[in-house]
Structures are given as C-alpha cells and as structure tokens.
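2 protein chains.
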Amino acid sequence: MLYIIGLGLGDQRDITLRGLEAVKECEKIYIEAYTSLLSFGLSADGLSTLEKLYGKPLTLADRETVEEKADAVLAEAQGSNVAFLVVGDPFGATTHTDLVVRARKLGIDVKVVHNASVMNAVGVCGLQLYRYGETVSIPFFTETWRPDSFYEKIQRNRALGLHTLCLLDIRVKEPSLESLCRGKKLYEPPRYMTINTAIEQLLEVEQVCRESAYSEDTECVGFARLGSEDQMIVAGSMKQLLTLDFGEPLHCLVIVGKTHPVEDEMLEFYKLGGDGTQKKDNGIL
Amino acid sequence: MLYIIGLGLGDQRDITLRGLEAVKECEKIYIEAYTSLLSFGLSADGLSTLEKLYGKPLTLADRETVEEKADAVLAEAQGSNVAFLVVGDPFGATTHTDLVVRARKLGIDVKVVHNASVMNAVGVCGLQLYRYGETVSIPFFTETWRPDSFYEKIQRNRALGLHTLCLLDIRVKEPSLESLCRGKKLYEPPRYMTINTAIEQLLEVEQVCRESAYSEDTECVGFARLGSEDQMIVAGSMKQLLTLDFGEPLHCLVIVGKTHPVEDEMLEFYKLGGDGTQKKDNGIL
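Chains as they are written, first to last, in my numbering: chain U, 62 to 346; chain Y, 62 to 346.
Please note: incorrect hints may appear among the correct ones.
Identical chains blur together in the list; that is why a pair holds if it fits in one copy or across any two.
Stated by the list, open to error - Derived pair list, reagent style DSS-like, types lysine-lysine, alpha-carbon separation capped at 27 Å:
| no. | residue 1 | residue 2 |
| --- | --- | --- |
| 1 | LYS319 | LYS332 |
| 2 | LYS85 | LYS113 |
| 3 | LYS166 | LYS113 |
| 4 | LYS214 | LYS117 |
| 5 | LYS166 | LYS332 |
| 6 | LYS130 | LYS214 |
| 7 | LYS214 | LYS319 |
| 8 | LYS89 | LYS172 |
| 9 | LYS117 | LYS172 |
| 10 | LYS113 | LYS214 |
I should point out that these hints are in silico values taken from the structure, not numbers from a laboratory.
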C-alpha cells in the first residue's frame, strides 16, 4: 500500500488525525523535498519535529529520489505500507500524479489523505475561491529565458473580472549549469521567488507587451508563509507591495479582479495600516 | 477569540492536530449545519462521534443561528474562546467571510485553521488544479426559476481548454414556501443535488442555448462523498454518468477541458470498468 498524505501548510500540527494514523501504520516514510519544508522544523540535523511526532525515522525524498528511484520506492510499497508525505495537499502540485499512475500500473493500492493547499487557503483573504480564473506560475527569469505566457492568462482573467492566483517559482536541488557541463552532480542553493521579484517581473512583462493587462496600481494580495503562525498577508497595489519585505518563503501573490462588497470588507483588514497587518499573528492560529 | 476550524471532507478523523488543540481550548463549540454533515457521524440523537473525540458538547449552528444570532455568538467570543467548525475549509464557501468581517469589526481576534476543501481535493482525479477555469454553481431548477448563468462560464472555460468544477446545490433548512406565506417557520427536508440532476439540467440548458458549449458526449468526472472512505469517482461522458447511481451526497461534477497525457493516464483509472471504479474504496483512505 502506498499512502500519499498531505501535511497541510503550517507545521507538524497540520497533519490530520487520519494522516497521522496512516503514518503510524507505515514501515517506511518518505517526505518530499521539492517544496519548502522550512516551517516543518526540518533542520540540517534531520527531521526532528516530525520524527518525534511520528515516532519513526523519515527519508527525505528529493526530486532525484522520486524521478529516478521511483521504482525502488514502489517496490517497497508492494510488500509493505509506505507513506509519501507531501506539503499541502497531495494534488496541489503536478509532481505526485505521476507517482500515483506508476503505482497503480503496478497494481499497488494507493490511498490519499487530503489536506489544505495554497489553492484553497488563499481564501482566507476574503476573495471568493469561485471567483478565480486560471492559476498562473511565475518562473524565475534568467538572462536568456524570460517566458511571459502568464501575461495572456492574467489579461483574460482580468477582462472577466476574475482574481488570479500566481504561484511563484521554487528551485530546490537544481543541478548547477556548471555541474551539468562537467557531468558531476552539484546543486544550486535553493531559491524561492519573493513577492517583490514576482511583481518586478510582472511589471517588466507589462512594459514589453503593453496591453494594459495590469499596472503598478493594480490591487493585489501578497501572502507569505500562508497557514503558518507567522504568516503575513497584505493587500495593496503592486507599487505598494514592492516596498515591503515579506520575509521568509514561501510567497504567493493574488491579482485582484472585480470585487463584491463582502470581499472588499475583508480586504480592508489586510490593507497596509489596516487591522490585519498590524497584528503580529495576522489572524491565523 | 473566535476560532474558525476546517473539519476537512471525510469524517471526524479529518480534523488537523492544530484544529483539535484549538477545539480543546474552547468553552463553546458551534458546528455549521448548512452543508452536509452526514459523514461526520451526526445522527438524530446528536453529534456523538465528534463530541466523543472532543470531550465536550457541540451546538449545531444552522443558517438561522449564523445569520440571525451572530451577535450573540460574537458576544460569547469577546469574553471566551469560541470555536466555529466548518466542513471542508473555512473559506471554501462564502458563508464564513461575513462572520469573520463582523468579528473583526467588533475587535475580536479571529484565528483560522485550514483544511482540505472540495476545491482542492478534486485534484485526486488527476486533472491539474491550475488547469481549471472559473468554478460554477448549479442551482436546483424550479418550475419558474431556471437560471443558466453557468452556461456562459462553462463555454468560456471550454473554449480555453480549461476544466470546470461544478458545485451542486444544497438546500438545508430552507423555509417552505407555505410556511413563509403563513408567517410560521417550517422547513423543507434537506435536498442535495445529484450528479444525475446536474447533468440533466446542464443538457436542458444546452438544448435552450444551442451554442455547443458541451454535449452528452462531453467527458466529465463525477465525485460522490469526496474524501470519505466510500467515495465514488467515475470518469465518463455525460451520457454515461447519467446511467449511474452515485449514492449518498455530497456530489460534485467536473467538466473536463483539454487534457495533458499525465491527466489522461490518471483519468483512465476512473473510467467505467477501469481500475479505480472497480475497487470498493476507490483509492482513498
């Protein structure tokens, strides 16, 4: 049996009782390491907070493990209970669908334990989830690679009055260009896109495309560490948010569409100088 | 302090450890009753499963309590810790934003505990969440009220190749027309729209609008009791799904847009006669 278990967004306490029960039934526990694990108490010396809670050791599954060693992981799941722990919800990201498909093709039972993901937790800012259009991803620009496919999608959402969730790039355990050239595996340090970088890139693309999909005056909501005790949520124009330091990752950004009165009322709490942003804990447990 | 705590989708074991800790700190616990509580072990004799787990009594908060008696609930939260439990995630539905706004205006601290909602858990079928367009709601048609605003939205999503999540109507504790006329409060029995009714209404609207937004051959995924142990997920054309009995509520429906290969591979498991639909537990814990 392969269990794919969502850990939620904040820390070790965000696992569900169902998820914890399943973990305890497993002989081997992998935890995915392609997204941020910072808030889950994972330090250099290992996965102490989670391991203490589960009462057993964890194996960090980086991209390499999952993509290259999936067969070995799945072989284990044929003879015993294996858990694969995922930050957020198992299907909030694309990465896990492929693992499930491979498991099922091998006839391995797969059980899923859901949890909160960024895709639904952004609802906390008051913008209604059914008023969002297509989600976009903002990748890190490089000297030579500055893709702007998100521009058209944002433009379309805004023309329809819909909000746009922008997922910001995460680069964890990326082979360095130098190491690829030399045939040796060396990794870049992890990089997480900040709200500031995302807005800079968005405005740069607007400067190039010049179709007024949005501007520096466009209302947005910036989220840092959503679901954690020290989450930071601020509503303001792109220009305003550019001046802020949102601190540690993960960050994401919502570009606000046409709002209803109850959405406006909630956003007020998150505006600069508003009630929400003055509080240290910013309305989250 | 007002805690708004998501219970997740399945049963009492879907609360998070963080949520359970918060419940235990509260003197008064309300549980919302406008969506389905069937799977949470709530029978006529009270909220036994949850009350046993929490070690304290619950108060059922129907629409009336929240809309008419919110002031009383909030007054309690000014002097003590009050929990408001919500099926799914607190902000998966619109209902709770208003409560939060009112609380904050009164200066009451609000803390949110996130959980899975239908909006992200539909990811289990393999269709990627970032490939969804605007979510639509399908309301129960009556003799005289047959709104079709969802049609245009579905058409737009499909033109862009995006999937569409259809949330199906729930009518809990609706005053009966007769009782409204007589000035007495009598309620209709609860009604939950089935996938079959949703598809019938969708096809009826297509017959009226005739713009080929979709047809009886359009690929869909039907979900019943998503996140529960006896969930049922089947992929097939509207025509095929119309022949099935999905059983107890809640149901929801996804109209499939343009798919990527990995999405197709996952959908295969849920097709009629496929691997997923043959299994009793259908891939969920």
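Now the hints, each set against the structure:
1. Proximity of LYS319 to LYS332 under the C-alpha cut-off of 27 Å is restricted to the intra-copy arrangement: shortest distance 17 Å within a copy versus 38 Å between copies.
2. Both within a single protomer and between protomers do LYS85 and LYS113 lie at most 27 Å apart by alpha-carbon distance, with minima of 12 Å and 22 Å respectively.
3. Taking the closest pair of Cα atoms, LYS166 and LYS113 never come within 27 Å of each other, the shortest separation being 34 Å inside a single copy and 41 Å across copies.
4. Taking the closest pair of Cα atoms, LYS214 and LYS117 never come within 27 Å of each other, the shortest separation being 45 Å inside a single copy and 49 Å across copies.
5. When the C-alpha separation of LYS166 and LYS332 is checked against a cutoff of 27 Å, the pair qualifies only between copies, where the shortest distance is 15 Å, while the shortest distance within a copy is 50 Å.
6. Within a single copy, LYS130 and LYS214 get their C-alpha atoms no closer than 35 Å, and across copies no closer than 42 Å, so neither meets the 27 Å cut-off.
7. Both within a single protomer and between protomers do LYS214 and LYS319 lie at most 27 Å apart by alpha-carbon distance, with minima of 16 Å and 16 Å respectively.
8. With identical chains, the CA atoms of LYS89 and LYS172 are at most 27 Å apart within one copy only, with a shortest distance of 15 Å there and 35 Å across copies.
9. In this assembly of identical chains, the alpha carbons of LYS117 and LYS172 lie at most 27 Å apart only when taken from the same copy (20 Å versus 31 Å across copies).
10. In this assembly of identical chains, LYS113 and LYS214 lie within 27 Å of each other by CA distance neither inside one copy nor across copies; the values are 44 Å within and 48 Å between.
Comparing the model with each numbered hint stated earlier shows that hints 3, 4, 6 and 10 do not hold.
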